[in-house]
Structure formats: structure tokens, C-alpha cells
Amino acid sequence: MVKTVVLKRTVDADVYTIPQAAKKLKISPNKVRALIGLGKLNCLQLGQLSIPKFEVDRFMHDNLSIDLRPAIDEWIEENRNRKSVTV
1 MVKTVVLKRT
11 VDADVYTIPQ
21 AAKKLKISPN
31 KVRALIGLGK
41 LNCLQLGQLS
51 IPKFEVDRFM
61 HDNLSIDLRP
71 AIDEWIEENR
81 NRKSVTV
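Each residue of the sequence shown is one higher than the one before, counting from 1 in UniProt numbering.
There's no promise every hint is true.
[Claimed, not checked] Here are the computed lysine-lysine pairs in the DSS-like style, where the Cα-Cα straight-line distance is at most 27 Å: (1) Lys-24 with Lys-3; (2) Lys-23 with Lys-3; (3) Lys-53 with Lys-26.
[Stated by the list, open to error] Restraint-style ranges between C-beta atoms, simulated for each label pair: (4) Glu-77 with Val-5: 19 to 29 Å; (5) Pro-70 with Lys-3: 58 to 68 Å; (6) Thr-4 with Pro-52: 19 to 29 Å; (7) Leu-46 with Lys-3: 17 to 27 Å; (8) Glu-74 with Asp-14: 24 to 34 Å; (9) Val-2 with Gln-45: 48 to 58 Å; (10) Arg-69 with Val-2: 57 to 67 Å; (11) Asn-42 with Met-1: 35 to 45 Å; (12) Gly-47 with Met-1: 45 to 55 Å; (13) Phe-54 with Lys-26: 34 to 44 Å; (14) Thr-17 with Glu-74: 18 to 28 Å.
Please keep in mind that the hints were generated in silico from the structure rather than gathered at the bench. Note that this is a predicted model, so its numbers are computed, not measured. Built from N, CA and C at the ideal position, the CB exists for glycine as well.
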């Protein structure tokens with residue numbers, strides 16, 4: 001008798017959507033959009049905005065101990081009525 005072993009693997013994408021990046025960074029999608037709008041987080045326009053994994057890692061590394069909340073809150077307030085982020 002031959003036993004078959006099935007290995008389940010998750011496919012690891014090289015890019016995040018805005019909601020996925022928000023989950024990774026533990027912030028709201030609006031704050032991810034603000035970081036993109038502020039130029040703190042780079043993204044790709046591939047039909048929808050996509051953020052490369054290495055860019056999320058770079059952002060976290062480069063912004064350790066920096067409080068970006070005031071800049072994010074100001075950007076959100078200034079862009080409250082916009083529907084999308086301009087890249």
C-alpha cells in the first residue's frame with residue numbers, strides 16, 4: 001500500500017494590496033493611503049495600487065521610533081473628500 005502525503009502551502013505574493021499592507025502594518029487602509037500620499041510608502045499602479053513586500057519592510061525599518069501620526073492625520077484631513085490616492 002502506498003501512502004500519499006499532501007503538503008499544503010500558501011502562495012506568498014510579492015505585493016500587498018492596500019488592505020493587506022494595512023493588516024501587516026496594523027493600521028487602517030486610509031492610513032496606508034496617507035503614507036503613500038506623503039511619499040513615505042512607495043507603491044505600484046497595476047490596475048490597483050500594489051505595495052511590494054520589500055517596500056513595506058523598508059518602510060518599517062526606516063521609520064522605527066518616528067511618530068508619523070500627526071503627518072498622517074493632517075494628510076487624511078486635507079484629502080478627506082478624495083476617492084483615491086494620486087501616484
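**Request:** Go through the numbered hints given earlier and state which of them the structure violates, listing their numbers in rising order.
**Result:** 1, 2, 4, 6, 7, 11 and 13
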